[in-house]
Amino acid sequence: MSTLDSTRELFRRDQVWPFLAPAQAEVNVGNQMILYVEDLNLSFDGFKALNNLNLYINDGELRCLIGANGAGKTTLMDVITGKTQCDSGTVFFGQNHNLLNKDEAEIAQLGIGRKFQKPTVFEEQTVFDNLELSLKTDKRVLPTLFSRLTPTQIDRIDDVLKTIGLAKHRFMLAGALSHGQKQWLEIGMLLVAEPRLLLIDEPVAGMTAQETERTAELLTSLAGERTVIVVEHDMEFVRSIARTVTVLHQGSVLAEGTMDQIQSNKDVIEVYLGEEAAAGEQA
Amino acid sequence: ADTIKVGVLHSLSGTMAISETTLKDTVLMMVDEQNKKGGLLGKKIEAVVVDPASNWPLFAEKGRELLTKDKVDVIFGSWTSVSRKSVLPVLEELNGLMFYPVQYEGEESSKNVFYTGAAPNQQAIPAVDYLMNDLGVERFVLAGTDYVYPRTTNKVLEAYLKGKGVAASDIMINYTPFGHSDWQSIVSDVKKFGSEGKKTAVVSTINGDANVPFYKELGNQGISSEDIPVVAFSVGEEELSGLDTKPLVGHLAAWNYFQSVETPENEAFIKAWHAYTKNSDRVTNDPMEATYIGFKMWANAVTKAGTTDVDAVEQAMIGQTVPNLTGGIAVMNKNHHLSKPVLIGEIQDDGQFEVVWETDGVVAGDAWSDFLPGSKDLISDWTAPIKCGNYNTKTKTCSGQNY
Amino acid sequence: MTLRRITLRHFIALCCCLFGLFSLSTHATESASLDPLLAELGEAKIKDMEPILVKIEAVSDETILPLLRTLLNGNLYYIKAEKKVIGQFETNGETFYKDVFTNEINTGIDKPDVDKIRVNNNLRGYLRNAIARIQLTSKSPSVRENAVRELLSKLDDSTVATLERLYPYESNKKVKEAMGLALAMNTASQTELAVSNRIAAIETLSSSLENDVRNLLTTLTRDDNAAVVTAANIALEKIAQRANRFAFVDQLFFGLSLGSVLLLASIGLAITFGVMGVINMAHGEMIMLGAYTTYVVQLMMPNYIDYSIWVAIPAAFLVSGLMGVLIERLVICRLHGRPLETLLATFGISLILQQLVRTIFSPLNRQVSSPSWMSGSWEINPVLSLTLNRLYILAFALLVFIVLVIVLKKTSLGLNVRAVSQNRNMAKAMGVKTNWVDAMTFGLGSGIAGIAGVALSQLTNVGPNLGQSYIIDSFMVVVFGGVGNLLGTLVAAFTLGIATKFLEPTTGAVLAAILVLVFIILFIQKRPKGLFPQKGRAAE
Amino acid sequence: MISINKVDQLYGGTQILWGLDLEIVPGSITCIMGRNGVGKTTLLKAIMGLLPIKSGEITMEGETLNKQSAEKRAYSGIGYVPQGRDIFPMLTVEENLRIGLPVRSKRTKDSPKDIPEKIFELFPVLKDMLHRRGGDLSGGQQQQLAIGRALVLEPKVLILDEPNEGIQPNIVKQIGDVILKLNAEEGLTVILVEQKLGFARRVGKEFRLMEKGRIVAADKMENLNDSLIKQYLAV
Amino acid sequence: MTRLTAWFSEGRSTGKHTLPFVVILLSVTILASAANLFLPADSIFYVSTYTITLLGKYLCYAMLALAVDIIWGYCGILSLGHGAFFALGGYAMGMYLMRQIGDRGVYGNPLLPDFMVFLDWKELPWFWLGMDQFWFAMLMAVLVPGLLAFVFGWLAFRSRVTGVYLSIMTQALTYALLLAFFRNEMGFGGNNGLTDFKEILGFNLQADSTRVALFLITAILLAVIFVISQKILSSRLGKVVLAIRDSESRSRFIGYRTDRYKVWLFVYSAVIAGIAGALYVPQVGIINPGEFSPINSIEMVIWVAVGGRGTLIGAVIGALLVNYAKTRFTAIMPDAWLFALGAMFVLVTLYLPKGLMGLYGQLKAKRNAVMNKESQA
Ligand SMILES: Nc1ncnc2c1ncn2[C@@H]1O[C@H](COP(=O)(O)OP(=O)(O)OP(=O)(O)O)[C@@H](O)[C@H]1O
Ligand SMILES: Nc1ncnc2c1ncn2[C@@H]1O[C@H](COP(=O)(O)OP(=O)(O)OP(=O)(O)O)[C@@H](O)[C@H]1O
Ligand SMILES: NC(N)=O
Ligand SMILES: [Mg+2]
Ligand SMILES: [Mg+2]
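Protein chains in written order, with my numbering: chain A, 1 to 283; chain B, 1 to 403; chain C, 1 to 540; chain D, 1 to 235; chain E, 1 to 377.
It is possible that some hints are incorrect.
[To be verified] As a list, the in silico DSS-like pairs of lysine-lysine whose alpha-carbon atoms are at most 30 Å apart:
hint: 1; chain 1: B; residue 1: K334; chain 2: B; residue 2: K111
hint: 2; chain 1: B; residue 1: K192; chain 2: B; residue 2: K164
hint: 3; chain 1: B; residue 1: K304; chain 2: B; residue 2: K37
hint: 4; chain 1: B; residue 1: K162; chain 2: B; residue 2: K376
hint: 5; chain 1: D; residue 1: K127; chain 2: A; residue 2: K266
hint: 6; chain 1: A; residue 1: K162; chain 2: D; residue 2: K230
hint: 7; chain 1: C; residue 1: K433; chain 2: B; residue 2: K271
hint: 8; chain 1: B; residue 1: K198; chain 2: C; residue 2: K174
hint: 9; chain 1: E; residue 1: K354; chain 2: C; residue 2: K433
If you are wondering where the hints come from, they were derived from the structure by calculation, not from laboratory data.
Since the model is a prediction, treat every value here as computed from it, not as a measurement.
Pulled out of the complex, with its shape left as it was, chain A reads as follows:
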């Protein structure tokens, strides 16, 4: 490359030097699109966990992500939230935030919240504190040192506590909660954080039918204002909330469409649903 070329490259007009870009730029959703995942590849010791994966999520959408065990759903979330580095590909949040060069905290601060497949809460703190920590606030060191809970924040936490049914357990150590309760607490932590994009990995595992229903309602109500991506194997649940469903298989998208389309897709039935489930397993 000639000097001229490299100089040009350096001063390309379509690029802004990172240090000139505003630090906390608003998420640009000009194209109605909030998440762009393109050509994502990731392999572990030769095993391709993500394989040329492309995925676009509209702003305000509620998207269900299904796929066989090991299809790469959790791994995808890991890449989006900065937990895992991918081998190649791009992930943009809005049009202006390249998530691949940000760390977990930055990504979270941009407004991407996540619920883990295996519930992870701060076991040695109370339910209340777990929620307080997750509040949408300035999370830098000094502001955190001097911040106090405002009445609105307390109300917000109380609201959420009610929503997740842990109002009675607010002062209990989170470690002493049962599995299902921890699931709820983690959803609550997501709620108080008021993220733009929620990545929810198997929210209803271990929940009773009614709870599942409630979760469904909750998630539907969130959509619109927020964007939600849900991973779940409970087809009933998926059917009750889904508008668009994406099926992953062996690290790439196998099918995408409405629930009905998906349920009748032969490939999906073969690798994922099984004959009966496709027919709609009746409760």
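Place chains B, C, D and E with the ligands on chain A using the hints.
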């Protein structure tokens, strides 16, 4: 008080316990003997033992405890210089009295301390004299543990050797950390240094625990004492008792005392020691003799002064004489250091030293080395009219302590 | 001084002639003239002994060798009453006396009857040379060769004359080579000889690595003759090149050897800490117990020091291992799920164990002897020799490592202990006897530490502080290699060992140690989980 | 097969199980249901011996288990699939499975060197993943591994704590089939905690409803009606 | 309901001990000081200067324990190298005190400390410049440990060095410093360290009044640091710190840059350790590389564990208790005190998993339970 109290400030645990425990026992034995003789000034002597645990600040603290809580009349204690330096301010503040029984780097003289171990001129200088004159050594390796005693001793020696016309290229200086255990490269370097045609010797100020692996490596790399003799200032009978000495036979040490010296006093001392420890294999060594002399002198001084009052005893100490265990008479000089003979011994396969050389008479301990630029002009004299530990003979002033 | 040298030379010349003349003389004829001399020797003070020895050498031949050797080793005694000398020997711990010439055992003598004939360094030097001179005519070629090499540094005219005389008759190639070397040295140093001869000799010398040769060549670089100087410089250069290669090997060996010590010290910790997750501050004391076991074993079999190691290794394994099991059963097993607190408890245990040996064995170091087969070194050439004890320890460390890897790979213990450390309850539910596994594993780790103690007793102090001096290094090695990875421990130990030893010559030991620490600190920034990190989702 | 008499169980100061009685008949598939936090997992752990009970008695085939350690119970034939899978994360799939081999060889009197092939027939994915670390598997794969691991023990009683959490539908179905098959062919007794009614109905033969640490309803699965569901399972 | 009370007595109660602690600490120290200064030496209430210095030393250790507890107990960072910060603070103070000796040293050199004369140094090394100013030296006493902690923490936490790796690295750090300070070339007096101090700010260090003043200042600073730390840890930052201890990665996913929190907390802790060191040196009269020894740092951790980690008061109590035990044991049974101390560590670990404060908590819980039962009856 109805007893006279003797404080024992030696580490019984930690890294220094290995050397200091013996001295604690020595003091206790001396106290026992003195009590059998009816005590001092008609009173029994009572020993107060504390454990400063090889922790230097603890020496200061325990020293203070001994002086203020237990109200001891004298302290026998310390091994390392740093532990001495740590208690020193306490001794001076509370006007205590301590006997320090270990060979050390000099450059100190406190009113409150009597130094019964060797100063560099009572160990190092005679040793290299012996090497040069009797063994025809022309090259010197000065190997030491990296702390003040070896550094100073080596500085003194370097100046001394250069003064004797030894070229800088014929002096190799090497320092290692405390407890150094991997001597392969150093010993191999010494071997190379010694194989360049000139008779070479190692002057070792290697401390305590590092010695065993050092000598083992010497033995295994086949450096025999005829090729490259090692003369050590910190290796005595006790250190050798932890070592298989067969490969070391012929290496040297310079001390003021060896257990092997046959005198009636020494025989009695060894016998008493075996009886006291109920172990006839226990060896004796130079710091024990220093403790012995210190204790005897102190007892004499107290008798002479008729009191245990520190100032009186301090003055009574000067000029005290006690027969050395190796023959001759040790004298306490005005600078609180002893005059003692210097002996050089060769290691034998039974872990003892065979004296191969000794000074004609006694050598007076020099608090301030004549071979260091900073202290050439300093002397110590605790008698009137100077009464100062660091008196500058040029400026006729006394710096530091004012009493 | 000078005077003595002259007399010495005179006598040497004399004795060399005697070789030729009286090589067949019998002991009987000699002893007549020898006995009074020996009596004189027995009565003499050290500083008067050399002239007597010169006389003894002058009147005797090869048969005197046992006497000289016995004297050199400090085993020659003098029976005052009989005015005779006698050798003291020791077999299986029993001392007995025998005539050094006839090997007749003399049972009628007790210790008080005899006085040791002491020698000092000067005498030892003299004795060694005397022995070498006598051995020039020895029947064994290797003895002859050694004798020649021994004399390289003392080439005086008479020795040279002897060598020149013996050279044509020498049949053994190696001895002949050595003699040739000696003669070449002589030729090279003779300024009165023709320059071409000297240069030829110098060229011969350039293939030798002997120190004496190098020293001679160095002197020759100051020779008056320019051609000789050039030749000497070229030869020196050639020698230096070869020597440097060997120096590198030497250093590498030092590094490997230090590495093997680190490996031994840390391998047990790699199990108790690396696999079980117990922050075992008492690890050093397990090593210490092993070393003391060696001491005790040697106490119990003083006559079989050479074999004591073979008893000590299993014994140390048992002692430390049982102590480990005891500690595990009494303390560690109650701390499951509280790994940090194991630090606290084991620190307490280490204090107790230290004080325990201090109470039982005294705070002094204990003497552990090296078996004869582990002493000395393997001389590959004059500039490269590997010390045997280090060589054995290196091999031993690798052996222990391999055995351990096999035990953990081939028995269910390895699998079970990892399962237990990852999820104790689930391991129980799968039928793993967790108590047993814990005890065995901790015992195994401790036992190996004990074995390390046996090895360390051959290198360093056996005292109450032994453990303390290795604990920090051990943790460093395990962590640097990657916790839970045995191979990592191996690589880390050797890396650190070699790094230290290559730094040491330029920086000195203290700075080398500091630099290595700084290196580890920086390295861990790059690889926060050590050399061989545990990878995967679960590893965080 | 297993009977539980008046079992009390506490976590620190809080009592979780209150004088709980439960009878498991040999060859049955008993489904324990109840809201979150009523103590289902706690009960299963108590049966497995992973939590000491405060009072009461648990017996298996007439023998009291109270004093038996968990590992003994594994030898006695209880297999446990915990909630949250509890895979050994740093062991490979193969090693996870091998852990149970000693118990298996003791129980079946043959001494297998290898993992029984039937595990891989049930869960083929495990065969592909044999050399991957357990912790690296996806959630569903781990769940399959957990079940497979318990089956290696060749248990008489299989305890399953929400075994379908995070498992893809066709495998859920398959797990149901496996349970039924093992039950039918080998007479395996199954204790199943399950929230999903569909699965519970399909697989379970008996049900027990729990509330606040007590069994509050017990019957054949056919008789699990909406009012019971409303009363004990709805929020 | 019981859970609620449990919460009050455990979760939020950290601040509850503050006031009593400060009151007790200050009143005890003031009383002891007064007893030393104003009572005659033969009074039974007289407190000897030996005791005052001893107590002063304990308080320095308590402060140090506080520093260790803040990062270990609260943030889960087990530092096995806190002695390094303590010693650096101590060296800063030692250098100041050394410079105060002036020409009263044995060689009478007005500029150079004795050990430099002795090693034939001709001028003061650059890092000794300014150390004759008290303010500057004190600045260094907090700045140097703080800076070292910052650099080390910044490197380590950013690279996500955690757990035992971090612990051993801190140990390596202090060990490297130990070796470095042993070197005479470093210009800190080598193994002998700095000693023979004469006065501080013009006050004679040997005077009882100076000792008492130092003791009081230590107590006051301890109280101040205690209160500040309490405030910090009960703020939301404190909760974040606990969250990091619990699950660092989870904290990151909710948007906290945990590395920064850890770095700042580490620096804060190091600064406290530095202050403790600076107060320690004039009271014990010597600073030597031995303070860098890894064993010392391990002991600090043990004080905290004995007292009960994760409670500030526990750290203080642990430090006081273990050190008092050491003082007593070494005097009562010089030959066997290590048995006693070792046994104490083992027993505390086994029977008091949460340290003495845990015991206190248990006793209280028991009492509460009894009371609850009674009130229910
Ligand atoms: N660190 C890793 N090392 C090796 N393989 C991995 C690693 N992480 C994930 N995998 C593999 O990548 C694949 C995708 O896993 P992922 O957890 O994303 O699946 P998933 O779609 O979430 O499945 P499930 O529905 O079962 O949770 C799996 O086969 C898993 O074994
Ligand atoms: N380690 C613990 N310490 C204290 N309390 C606990 C602990 N584990 C569980 N609990 C409490 O015990 C109760 C029962 O828990 P358990 O896990 O048995 O519930 P579960 O019925 O299995 O619920 P889920 O359906 O959510 O799994 C819960 O209220 C929980 O808060
Ligand atoms: N004084 C000494 N040997 O430290
Ligand atoms: Mg998943
Ligand atoms: Mg449960």
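To see whether the hints hold, each was checked on the structure:
no. : hint              : in the structure
1   : K334(B) / K111(B) : holds (10 Å)
2   : K192(B) / K164(B) : holds (24 Å)
3   : K304(B) / K37(B)  : holds (16 Å)
4   : K162(B) / K376(B) : holds (16 Å)
5   : K127(D) / K266(A) : holds (25 Å)
6   : K162(A) / K230(D) : holds (20 Å)
7   : K433(C) / K271(B) : violated (59 Å)
8   : K198(B) / K174(C) : holds (28 Å)
9   : K354(E) / K433(C) : holds (28 Å)
The structure fails hint 7 only (numbered hints given earlier).
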